[in-house]
Structures are given as structure tokens and as C-alpha cells.
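S.K.: Each chain is listed here by its residues.
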Amino acid sequence: MEDQTIHLGIGNAGHIFVIISFVTSILATFAYGKAALNNELGKDSWVSFGRRVFIAHGVAVIATAVTLFLIIYFHYFEYHYAWSHSSLNLAVHYMIACFWEGQEGSFLIWTLWNALLGFVLIKTNKKWEAPVMTVFSMVQAFLTSMILGVVFFGEFKLGSSPFILLRDVIEDPRFLINPNFVPSDGTGLNPLLQNYWMVIHPPMTFLGFSLTLVPFSFCIAGLWRKDFKDWIRPALPWTIFGGVILGTAIIMGGYWAYETLNFGGYWNWDPVENAVYVPWLILIASMHTMIVFKKSETALKTSIVLVIATFILILYATFLTRSGILGNTSVHSFTDLGLSGQLLIYLLFFLIGSIALAASVWKRIPTSDKEASTYSREFWIFIGALTLCLMSFQVLVPTSFPVINKIIEFFGGLSSLAPPTNQVEFYSQWQLWFGIAIALLSGTGQFFFWKKMDKEKLKSAISFPILISLVLSAIIFTTTKIFDPIYIVILVAGVYSIVSNTYILVSLFKSKSYKLTGGSIAHIGIAMMLIGIMFSEGYSKVISVNTTKISNEFTEEQNTNNVVLFLQTKKNMGGYELLYRGEGMSAQGIPGYVKKSYLDPTPNPHYKVAIQPIIKDGKTYAQEGDTLYFRTPENTYHEIKYTSVRTGKSFTLYPRTQVNNDMGGQTLVSPDIKKQWNRDLYTFVALQHDFEDEFTDWNEKEIIKLDSIGQRFFINDYVAQYNGLEKVHAVNFIELGPNDIAIRANITVFAEEGEKYKLRPQFIIQKQNIVARPPVLNQEIASRVTLENIDPDNGSISLAIETSRTDWVILQAIEKPHINILWIGTIIMIIGFIIATRRRYSEFVKMRDKGFA
Amino acid sequence: MKKSSLIGIIVIAIAIAVIVSTSSSASSYVTFDEAYAMSETGKESTIHVVGELKKNSAGQIVGVKPSEDRLTVEFILVDDNQKEQTVFLNSPMPSDLMNSDKVVVIGGYKNDRFMADKVLLKCPSKYEETTL
Numbered sequence: 001m002e003d004q005t006i007h008l009g010i011g012n013a014g015h016i017f018v019i020i021s022f023v024t025s026i027l028a029t030f031a032y033g034k035a036a037l038n039n040e041l042g043k044d045s046w047v048s049f050g051r052r053v054f055i056a057h058g059v060a061v062i063a064t065a066v067t068l069f070l071i072i073y074f075h076y077f078e079y080h081y082a083w084s085h086s087s088l089n090l091a092v093h094y095m096i097a098c099f100w101e102g103q104e105g106s107f108l109i110w111t112l113w114n115a116l117l118g119f120v121l122i123k124t125n126k127k128w129e130a131p132v133m134t135v136f137s138m139v140q141a142f143l144t145s146m147i148l149g150v151v152f153f154g155e156f157k158l159g160s161s162p163f164i165l166l167r168d169v170i171e172d173p174r175f176l177i178n179p180n181f182v183p184s185d186g187t188g189l190n191p192l193l194q195n196y197w198m199v200i201h202p203p204m205t206f207l208g209f210s211l212t213l214v215p216f217s218f219c220i221a222g223l224w225r226k227d228f229k230d231w232i233r234p235a236l237p238w239t240i241f242g243g244v245i246l247g248t249a250i251i252m253g254g255y256w257a258y259e260t261l262n263f264g265g266y267w268n269w270d271p272v273e274n275a276v277y278v279p280w281l282i283l284i285a286s287m288h289t290m291i292v293f294k295k296s297e298t299a300l301k302t303s304i305v306l307v308i309a310t311f312i313l314i315l316y317a318t319f320l321t322r323s324g325i326l327g328n329t330s331v332h333s334f335t336d337l338g339l340s341g342q343l344l345i346y347l348l349f350f351l352i353g354s355i356a357l358a359a360s361v362w363k364r365i366p367t368s369d370k371e372a373s374t375y376s377r378e379f380w381i382f383i384g385a386l387t388l389c390l391m392s393f394q395v396l397v398p399t400s401f402p403v404i405n406k407i408i409e410f411f412g413g414l415s416s417l418a419p420p421t422n423q424v425e426f427y428s429q430w431q432l433w434f435g436i437a438i439a440l441l442s443g444t445g446q447f448f449f450w451k452k453m454d455k456e457k458l459k460s461a462i463s464f465p466i467l468i469s470l471v472l473s474a475i476i477f478t479t480t481k482i483f484d485p486i487y488i489v490i491l492v493a494g495v496y497s498i499v500s501n502t503y504i505l506v507s508l509f510k511s512k513s514y515k516l517t518g519g520s521i522a523h524i525g526i527a528m529m530l531i532g533i534m535f536s537e538g539y540s541k542v543i544s545v546n547t548t549k550i551s552n553e554f555t556e557e558q559n560t561n562n563v564v565l566f567l568q569t570k571k572n573m574g575g576y577e578l579l580y581r582g583e584g585m586s587a588q589g590i591p592g593y594v595k596k597s598y599l600d601p602t603p604n605p606h607y608k609v610a611i612q613p614i615i616k617d618g619k620t621y622a623q624e625g626d627t628l629y630f631r632t633p634e635n636t637y638h639e640i641k642y643t644s645v646r647t648g649k650s651f652t653l654y655p656r657t658q659v660n661n662d663m664g665g666q667t668l669v670s671p672d673i674k675k676q677w678n679r680d681l682y683t684f685v686a687l688q689h690d691f692e693d694e695f696t697d698w699n700e701k702e703i704i705k706l707d708s709i710g711q712r713f714f715i716n717d718y719v720a721q722y723n724g725l726e727k728v729h730a731v732n733f734i735e736l737g738p739n740d741i742a743i744r745a746n747i748t749v750f751a752e753e754g755e756k757y758k759l760r761p762q763f764i765i766q767k768q769n770i771v772a773r774p775p776v777l778n779q780e781i782a783s784r785v786t787l788e789n790i791d792p793d794n795g796s797i798s799l800a801i802e803t804s805r806t807d808w809v810i811l812q813a814i815e816k817p818h819i820n821i822l823w824i825g826t827i828i829m830i831i832g833f834i835i836a837t838r839r840r841y842s843e844f845v846k847m848r849d850k851g852f853a
Numbered sequence: 001m002k003k004s005s006l007i008g009i010i011v012i013a014i015a016i017a018v019i020v021s022t023s024s025s026a027s028s029y030v031t032f033d034e035a036y037a038m039s040e041t042g043k044e045s046t047i048h049v050v051g052e053l054k055k056n057s058a059g060q061i062v063g064v065k066p067s068e069d070r071l072t073v074e075f076i077l078v079d080d081n082q083k084e085q086t087v088f089l090n091s092p093m094p095s096d097l098m099n100s101d102k103v104v105v106i107g108g109y110k111n112d113r114f115m116a117d118k119v120l121l122k123c124p125s126k127y128e129e130t131t132l
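If you read the protein sequences in the order shown, they are chains A and B. Taking the numbering used here, the leading residue of the first sequence gets 1, the next gets one more, and so forth. Taking the numbering used here, the leading residue of the second sequence gets 1, the next gets one more, and so forth.
Hints in this document: simulated from the structure, not taken from any laboratory. Just so it is clear, CB atoms sit at the ideal spot from N, CA and C, and this is done for glycine as well. Among the clues, some could well be false.
With a cut-off of at most 30 Å between alpha-carbon atoms, the simulated DSS-like pairs for lysine-lysine come out as follows [stated by the list, open to error]:
1. A:K457 - B:K118
2. B:K110 - A:K455
3. A:K34 - A:K363
4. B:K2 - A:K229
5. B:K2 - A:K541
6. B:K102 - A:K674
7. B:K3 - A:K459
8. B:K102 - A:K301
9. A:K294 - A:K541
10. B:K118 - A:K406
11. A:K406 - B:K102
Reference listing, derived: stretches of chain B covered by chain A, where coverage requires no fewer than 3 residues with Cβ under 8 Å from a Cβ of chain A [what the hints assert, rightly or not]:
12. 28–41
13. 59–71
14. 75–89
Cβ pair distances, simulated, as ranges [to be verified]:
15. B:I9 - A:V169: 54 to 62 Å
16. A:S340 - B:K118: 27 to 35 Å
17. A:T479 - B:V64: 46 to 54 Å
18. B:R113 - A:T806: 30 to 38 Å
19. A:S650 - B:I16: 25 to 33 Å
20. B:I9 - A:L470: 26 to 34 Å
21. B:D117 - A:T479: 49 to 57 Å
22. A:T652 - B:V64: 27 to 35 Å
23. B:R113 - A:E694: 49 to 57 Å
24. A:H606 - B:A15: 53 to 61 Å
Model the full structure from these sequences, guided by the hints.
M.R.: See the structure below:
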């Protein structure tokens with residue numbers, strides 16, 4: 001079984017590539033730095049040297065990534081990374097996700113994006129290449145050092161290598177016996193992450209991280225070269241592009257959480273989510289102030305501060321999520337790979353460095369003395385940017401509690417700040433007001449787009465859209481019955497933003513200025529998102545209301561959020577009749593799910609034997625005795641049939657429970673979502689019944705004697721039939737010896753809906769002694785049956801029957817009205833951003849080709 | 001007054017409001033005695049208490065009682081000062097309660113009973129495997 005040759009070559013190659021990329025990044029920093037300093041003399045040779053070194057660096061980074069992927073792809077479990085993040089049973093497309101499950105791989109993907117962006121910048125820039133690439137190379141030096149895994153002076157370890165061998169990490173006697181021991185399988189990708197969003201969300205996030213480096217590098221280059229203004233133009237398209245990529249990545253993460261975790265929503269204000277949300281807001285603010293600067297030469301200093309802050313906050317986010325400092329406060333668990341010191345140095349280096357640089361030239365940065373008029377577009381955009389900053393600040397402060405605690409402890413104090421107990425409510429009450437402000441500003445700001453405005457002109461321009469939005473909002477809140485004053489305000493603000501931006505959009509279309517439409521489209525998208533969030537969160541309603549029993553201990557509201565569904569027993573809930581029809585598993589090659597009661601286990605959890613033919617829609621997929629393959633045996637799906645009381649139409653949901661061995665055997669619950677045009681119906685199983693647990697009461701054993709084939713009897717009130725005895729040759733896939741005997745009784749149980757279940761209790765004799773009478777559990781009929789005895793004289797058998805309460809699940813169902821407005825808004829926002837990116841990029845290209853950049 | 005100074009004042013005011021609201025909403029990690037004292041004085045109603053489930057001498061978890069309909073559960077938590085406290089949780093038993101290392105209960109005393117609104121479990125993590 002076990003492959004005993006180990007592939008040392010590929011890991012050594014990978015390690016060498018990392019070292020090359022580290023060394024070349026330092027060299028490139030030096031060369032490009034020289035070029036940037038020696039502005040005139042000898043500049044060209046340093047630039048071309050730096051360029052060549054950086055390209056070598058990029059190639060080495062690509063080679064490192066390819067090497068790591070090959071190790072995962074070929075299942076080289078002698079490598080710790082492959083062993084701990086992958087396994088033979090993993091689907092090929094999830095092998096990509098293995099790549100970034102570990103910290104080393106995620107640093108690598110970040111480094112890779114930076115290298116590729118570096119190539120693009122080298123290709124597209126002339127004047128800025130040397131200083132910008134100096135900053136880029138410096139960042140690459142820090143990042144590649146994270147995966148270097150080199151020990152200096154026998155003690156100080158720099159980075160954690162993804163190419164480390166398993167035997168160098170894990171102590172196991174098998175390595176002492178045979179150093180070339182290779183485990184036959186890996187421990188696998190965390191099943192929670194086996195989701196298509198996890199293939200695309202992490203690289204998107206890291207592309208977003210990388211994109212913040214571009215404006216930061218231009219800004220630093222501008223400060224360094226004392227070219228305080230010109231950097232904005234090349235940096236702006238990248239800022240907008242970073243905004244859309246990071247924004248999309250954040251929403252994808254939320255969508256993954258919505259589909260996979262059971263906290264009942266897409267956003268939980270978890271520190272890990274907040275850590276990226278904060279820099280994204282600042283990035284969007286910086287984008288706006290940069291636009292202001294391009295228009296009116298004001299807000300330059302603000303832009304510089306915000307661009308630097310965005311990048312530093314990205315580094316801070318990395319530090320928060322990867323140093324283990326979040327500890328108790330996050331549902332995400334991150335282990336410290338010993339990189340926290342290195343991460344802190346990375347953060348402090350760029351924090352102190354950029355502040356020092358900005359401070360040294362601060363007085364020389366040109367400012368505009370004239371104050372922006374209240375009737376100018378710039379003024380309102382600037383206020384919008386300030387609002388975004390405050391919005392971000394409000395999230396940053398509580399998210400930083402663990403850091404504040406640590407700092408106070410460091411100075412000898414004691415601090416036990418914990419996050420607010422109801423964090424969703426706490427953040428929302430602030431964020432929604434900021435959201436309203438953003439909607440109002442983004443609606444109004446657009447009216448200053450064209451010409452110089454004054455009070456009168458503004459009044460006439462704005463009154464019509466205001467009127468329309470008031471009428472529209474009134475129609476919406478009367479038809480959807482929104483009476484909460486705060487929600488009415490959100491609705492009015494959102495509708496106003498949509499109306500006024502559409503108004504502008506229409507006039508842009510009329511004048512055929514399609515290129516300029518990005519801003520209004522993005523703002524329409526954002527306003528739709530706000531309205532979608534208001535409906536889906538504000539009017540999110542638990543419909544699994546339990547009216548049968550209210551305990552005295554609790555308030556009514558607390559006690560009624562879950563319902564118990566007993567197997568095959570109908571129950572009404574929220575306009576539906578619910579029917580729990582049992583537990584199933586997903587088998588390879590069989591559509592839908594296979595009932596657990598149709599399957600016998602084997603020693604390998606990935607394989608199970610069908611004990612009766614498996615038929616779906618008239619087609620037979622497996623015969624009795626066939627072995628079926630289960631790629632993800634840790635997942636159980638609970639079949640819940642919903643039938644609308646009103647229309648009689650029905651659909652079935654399959655909420656999932658997962659026994660996750662990568663998380664200490666926790667049971668993780670994932671919802672199933674019924675998507676309707678005007679709402680999502682979100683259903684999850686809060687608790688499933690485990691017949692094996694200590695809380696299950698079994699009735700006393702009942703002994704039934706059966707003496708003729710075809711005899712009928714009762715098991716837990718179900719009719720059962722005895723079909724005789726049969727000799728078996730293997731027990732649990734273990735062959736029996738020549739003198740061993742194993743016999744099983746074949747019993748058929750007739751259950752609801754014409755369903756038949758087979759029970760096959762066994763009686764095993766080895767060396768003339770009874771060795772085992774394992775009971776057979778069938779959860780569909782809540783019974784355990786043991787073949788107690790066989791009478792050799794007359795062939796009669798005794799069965800011991802234990803029965804329990806019917807199988808049940810505890811279900812929670814939540815309605816999320818109009819959530820589709822949020823998703824549609826997201827797509828519209830993305831389109832707007834892309835149009836804006838194109839516009840700013842072509843502006844840059846035009847100026848560059850004239851020789852200005 | 002100049003417009004920019006006015007804006008500055010507004011920004012600072014909002015920032016201060018944010019900090020004040022944050023510090024007043026911030027919870028803290030306390031022991032059961034402190035939590036009880038807080039509820040007596042009416043100071044704070046919801047807090048975090050960190051503890052472990054009560055175990056007998058054989059190391060088995062004792063005192064976990066799901067209600068008859070399984071919709072609620074009560075269990076005994078031992079805090080850092082070794083004080084035992086029965087905690088009522090008003091939702092179905094978290095399926096991993098029985099194999100969790102540490103339990104964080106978020107809630108407070110109501111009529112001398114500790115009512116948990118939420119339970120966070122710290123399960124022995126296998127993120128970084130240490131054995132084959």
C-alpha cells in the first residue's frame with residue numbers, strides 16, 4: 001500500500017525557487033532604488049538591470065507556486081503541506097483550494113499576484129517604473145521571507161516553508177523505523193471549505209490586497225521623488241480596480257458564509273470580515289478624494305493619507321487574522337505559525353516608513369487655499385469620503401479590542417475588553433446611519449456634475465428627483481408594509497440615490513458619454529444593496545415558530561425559534577406543511593441522496609454497501625450488495641419536504657450536517673436555501689437526533705421467537721417479516737476462518753409510503769464460542785435488533801428488539817425578503833466600477849503617450 | 001467660522017460618539033461571582049463568562065440535561081475560580097457541547113439563574129495535526 005520512495009527533488013526545487021525569489025526581490029529593490037535615486041546619471045542601466053532582476057523574481061515566484069501545486073496534485077504526502085491540506089478523496093477542483101488553505105500557500109498567492117502586477121506596471125509605465133518598482137520589490141522581499149523557512153544562527157527562523165517534509169514536522173515512531181515512510185493518505189481539506197466559493201474567494205481577496213499596493217507604491221514614489229501631484233493619474237485606475245476586486249471578494253466571502261454557516265445571514269461582523277471591510281471603505285474614500293484632486297487640485301493631502309492608510313490597514317488585517325491574536329473573538333481559528341513577529345515587523349516597517357516619508361515632505365506638498373464651495377461636486381464628494389472614513393473607524397475600534405488588550409498587558413496593565421454581546425445589532429445601528437448618509441450624498445453629489453451650481457439651480461434640479469423618489473418610496477412601503485421609521489428613512493434615501501443617479505445616467509446616455517457612466521451605475525448598485533440589506537436583514541423573520549410548548553423559564557420570543565419535526569409526521573409552519581423524510585448521503589453516480597438505512601458500513605467510511613436496490617425515478621442505480629463510493633461521507637443531508645398550504649405546490653430542501661474531523665469532530669450545520677423571486681427561505685437543522693448518544697432512552701429489550709419463514713411480527717408498531725437465515729462469509733469485510741461461522745437473519749420491515757427496509761442482524765461464532773451479536777440500528781423505525789439466539793434443533797430464532805422515540809430533527813427556518821435586490825445591486829455596482837476603471841485607465845494612457853507619465 | 005473647521009468639529013464629534021458607544025457596549029470577560037455582583041447592582045445585564053463543563057473524577061462530563069422536547073438545555077459550568085453554576089440555554093443543545101474544551105457563555109443572571117443567550121464552544125482544534 002504505502003509508497004516508500006520519497007520525492008525529495010521537487011521540494012528542494014521549490015525551496016530553491018523561494019530562496020531565489022527572496023534574493024532577487026532584495027536585489028531588485030536595490031537596483032530600482034539606485035535608478036530612482038540617480039535620477040539622471042546612469043539611470044537607464046540600473047533600470048534595465050532592476051527590470052531583469054524583477055522578471056527573474058517573478059519567474060521564480062511562478063515556479064514556486066507551480067511546484068507547490070504539483071506536490072498537492074500528485075499527492076506527495078511526504079510533504080507536510082500536501083498531507084495536512086489534501087487527500088486522495090478530494091475532487092480535483094478543490095485541490096486548487098488546498099493551495100491556499102494553509103498560511104504559506106496564501107502568502108504565496110499574494111506574492112504571485114504582486115509579481116504579476118509588477119510585470120504589468122513595468123510594461124505600462126515609463127517615468128514611474130523605478131520608484132514604484134522599488135516599493136514593489138521591497139514588499140516582495142517581506143512576503144517571500146514569510147515562506148522562506150530558513151534558520152539563521154541555529155535559532156532564529158525566518159518564515160515557514162510550504163516545502164517542509166512531514167517527517168521534519170511530525171514526530172512518529174514510524175519515521176524512526178523507516179525515514180522514507182509515506183502515509184497512504186492526507187488528512188484532507190477542511191470539508192467546510194469544500195465549496196466552489198472557496199476556490200475563487202481567497203485568490204480574489206489576495207488580488208484585492210495586491211491591488212492596494214499599486215496606489216500605495218505610486219504615492220510613496222510621488223513623495224520620494226517630490227513629484228507630489230503626478231502620481232494620482234496612474235494610480236487612480238488601479239485604485240478603482242482594487243475597489244471592485246476587493247469589494248467583490250468581500251461579498252463572495254459573505255455569500256459563502258450565507259450558504260455554509262448557520263448564523264442566519266451573509267454578514268456577521270466577525271473580526272475576519274471586519275478586517276477587510278475596514279480597508280475597503282478607506283480605499284473607496286481614497287478613490288473619491290483622488291477624483292476630487294483630478295478635478296480641482298484640492299484634497300491632495302487627504303488622498304495621500306488615505307492611500308497610505310489603505311495599504312497599512314491591509315497589513316493590519318493580515319496581522320489580525322494570521323497572528324492568532326483574535327483568539328476567542330472570532331469563529332475563524334487561525335494558528336500562529338510563528339510568523340506573528342515577522343508580520344508585526346512587516347506592518348511597522350511600512351507604517352513608520354511611510355509616515356516618516358510623508359512627514360519629511362509634508363510642508364512641501366502643495367495645498368489649495370481656496371475652500372471648496374458648498375455648491376461644488378468636490379465638496380460633497382469630500383464629505384462622502386469623510387463619511388466612509390468614519391464608517392470604517394466605527395468598525396475598526398471594536399475589532400481592535402484584542403490588540404488593545406494585548407498592548408495594555410504589554411505595559412503591565414490588565415484589560416479584558418470583550419466584543420459587544422450582540423455584535424450584529426451593535427455594528428448595524430451605526431452602519432445603517434452611515435449607509436443612509438452615503439446614499440443621500442451619492443444621490444445629491446451627482447447634481448453638481450455638470451455646471452456651476454447655486455442655490456436656485458440646485459433647487460430646480462433636485463426637486464423633481466426628490467418628488468419621484470418620495471412617491472416611489474411611498475408606494476414601496478405601503479405595498480411591502482414597512483412601518484419602522486428607520487427603515488422608511490433607509491428606503492427613502494436608497495430610492496433617492498437610485499432615482500437621482502438614474503436621472504444623471506439618462507442624460508449621460510443622451511449625450512452619448514457612455515464612458516462617464518461608471519459612477520452613476522456604481523452608485524445605483526450601492527443604493528440597491530442598501531435597500532436589499534434593509535429588507536433581508538431588517539425584515540428577516542424566523543418562520544419556524546414553535547407554538548406547542550413554551551417553557552416557563554423563558555420569554556415567549558426566546559422559546560419559539562425552533563420546531564421539532566418527527567420522522568414522517570407532518571407539521572405546519574409558516575404557511576407550509578413540513579415533512580421530515582429521513583437522512584441521506586451523497587453517493588458518486590447517484591442523483592440526489594441515498595437513505596442511510598439502505599446502507600451498510602464498511603471499515604472505510606468512503607465505501608458503503610447497498611443492502612437493497614437503489615432506485616431513483618424508476619431507474620436502478622445500484623443492486624443489493626453493490627459497494628458505493630462516497631466522496632464526502634462526513635456530510636448528512638436531511639430531507640425536508642415543504643408543501644404550500646395555499647397552493648399545494650411542494651419542494652424539498654436538504655439542510656446539511658457535517659461531522660468535521662478537521663475541526664475536532666465538531667458537527668457543523670449548513671443551511672439549504674430555497675430561492676424565490678421575492679425572498680429566500682433559509683432552513684437549517686439546529687440539532688439532529690443521535691440514537692447512539694447518552695440522552696436517548698431505549699425501552700427494555702423485548703424477545704421475539706420466530707420459527708417459520710414468512711412469519712410476521714411487529715417492530716416498534718411496524719409490520720416486519722422474517723425471511724430466514726443466511727450464512728455470511730465475511731463480517732465487516734473481514735474474511736472468516738474455516739471453523740468460524742457467521743449467520744444473519746433477513747428481516748423486512750414495511751414502513752410509511754410503501755417503503756421497505758431490510759434488517760440483517762448477525763450471529764458470529766468463532767472457535768465454537770459465540771463471539772458477537774452486534775445489534776442493528778435502523779433509525780427510520782427507531783429500533784435496535786439483535787439476533788439473540790438460534791435454536792439448532794428446530795431452526796427457530798430469538799430476536800431482541802429495543803425501541804425508542806421516533807427520529808427527529810430540530811429545524812430553524814428564516815425568511816429573507818428581497819435578498820435578490822442585494823445581489824442584483826452587487827452586480828450593477830461591479831459593472832459601474834469596471835466602466836470607471838476603463839475610463840481612468842484610458843486617461844492615463846493618453847497622458848502617458850503624450851509623455852506626461 | 002470657516003466651513004472646514006465646522007466639518008472638522010463634526011467629524012471629531014462623531015468619532016467621539018463612536019468611541020463612547022463602543023466602550024459602553026463593550027462586554028467583558030468575568031467570573032460568575034462578578035457577574036452576579038453586576039446583576040445585583042443592576043450594572044450590566046449581559047457578560048461573557050469563560051469556563052469548563054463540570055466533570056466527575058473519571059473525567060466524564062456531568063450535569064448536561066437537555067429538556068424533554070430537546071429545545072433547551074441546562075449544564076453546569078465551572079469558571080476560572082472553580083465556582084460551579086448551572087447555566088440555562090434557551091436553544092437546542094449545541095451538538096458539540098459534549099466534546100468542547102472551553103465554553104464561553106454570553107448572558108446574565110435573571111432571577112438568580114444564569115440564562116445564556118449564546119454559547120461559544122472552543123473545541124480541540126485539529127487545524128495543525130501533530131500526529132499521523
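S.K.: All hints are to be evaluated individually against the structure, with a verdict given for each.
M.R.: Structure-based check of each hint:
1. For the hint linking A:K457 to B:K118, the alpha-carbon distance of about 55 Å lies beyond 30 Å, and the restraint is violated.
2. Simply put, B:K110 and A:K455 have alpha-carbon atoms about 57 Å apart, too far for the 30 Å limit, and the pair is violated.
3. A distance of roughly 26 Å separates the Cα atoms of A:K34 and A:K363; the hinted pair therefore holds under the 30 Å criterion.
4. For the given pair, B:K2 sits about 26 Å from A:K229 by alpha-carbon distance, which is consistent with the 30 Å threshold.
5. Restraint check: the Cα-Cα separation between B:K2 and A:K541 comes to about 48 Å, which exceeds 30 Å; the hinted pair is violated.
6. Between B:K102 and A:K674, the direct Cα distance comes to roughly 35 Å. Violation of the 30 Å bound is thereby established for this hinted pair.
7. Between the alpha carbons of B:K3 and A:K459 the distance comes to roughly 21 Å, so the proposed pair stays at or under 30 Å and holds.
8. For the hint pairing B:K102 with A:K301, the CA-to-CA distance comes to about 49 Å; that exceeds 30 Å, so the pair is violated.
9. A hinted pair counts as satisfied when its Cα atoms are at most 30 Å apart, and A:K294 with A:K541 does not qualify at roughly 47 Å.
10. Note on B:K118 and A:K406: the hinted pairing holds, with a Cα-Cα distance of about 25 Å set against a maximum of 30 Å.
11. Under the criterion of a C-alpha separation no larger than 30 Å, the hint pairing A:K406 with B:K102 is consistent with the structure, at around 21 Å.
12. Under the rule that three or more residues need a Cβ within less than 8 Å of chain A, the assignment of the segment 28–41 of chain B holds, with 3 such residues.
13. For the segment 59–71 of chain B, the stated coverage by chain A is satisfied: 5 residues place a CB nearer than 8 Å to a CB of that chain, which reaches the threshold of 3.
14. Evaluation of the coverage hint for the segment 75–89 of chain B: breached, as 1 residues show C-beta separations to chain A shorter than 8 Å, against a requirement of three.
15. Distance hint for B:I9 and A:V169: a CB-CB separation of about 57 Å, consistent with the stated range 54 to 62 Å.
16. Judged by the Cβ atoms, the range 27 to 35 Å given for A:S340 and B:K118 holds: they are separated by roughly 29 Å.
17. The hinted range of 46 to 54 Å is satisfied by A:T479 and B:V64, whose Cβ atoms lie roughly 49 Å apart.
18. Restraint check, B:R113 to A:T806: a C-beta distance of roughly 32 Å satisfies the suggested window 30 to 38 Å.
19. Between A:S650 and B:I16 the CB atoms are about 56 Å apart, so this pair departs from the stated range of 25 to 33 Å.
20. About 32 Å separates the C-beta atoms of B:I9 and A:L470, a value consistent with the hinted range of 26 to 34 Å.
21. Under the hint 49 to 57 Å, the C-beta atoms of B:D117 and A:T479, about 35 Å apart, miss the expected range.
22. Distance hint for A:T652 and B:V64: a CB-CB separation of about 33 Å, consistent with the stated range 27 to 35 Å.
23. At about 24 Å, the beta-carbon gap between B:R113 and A:E694 misses the expected band of 49 to 57 Å.
24. Evaluation of the 53 to 61 Å hint for A:H606 and B:A15 yields a pass: the beta carbon distance comes to about 56 Å.
Checked against the numbered hints listed earlier, the structure breaks hints 1, 2, 5, 6, 8, 9, 14, 19, 21 and 23; every other hint is satisfied.
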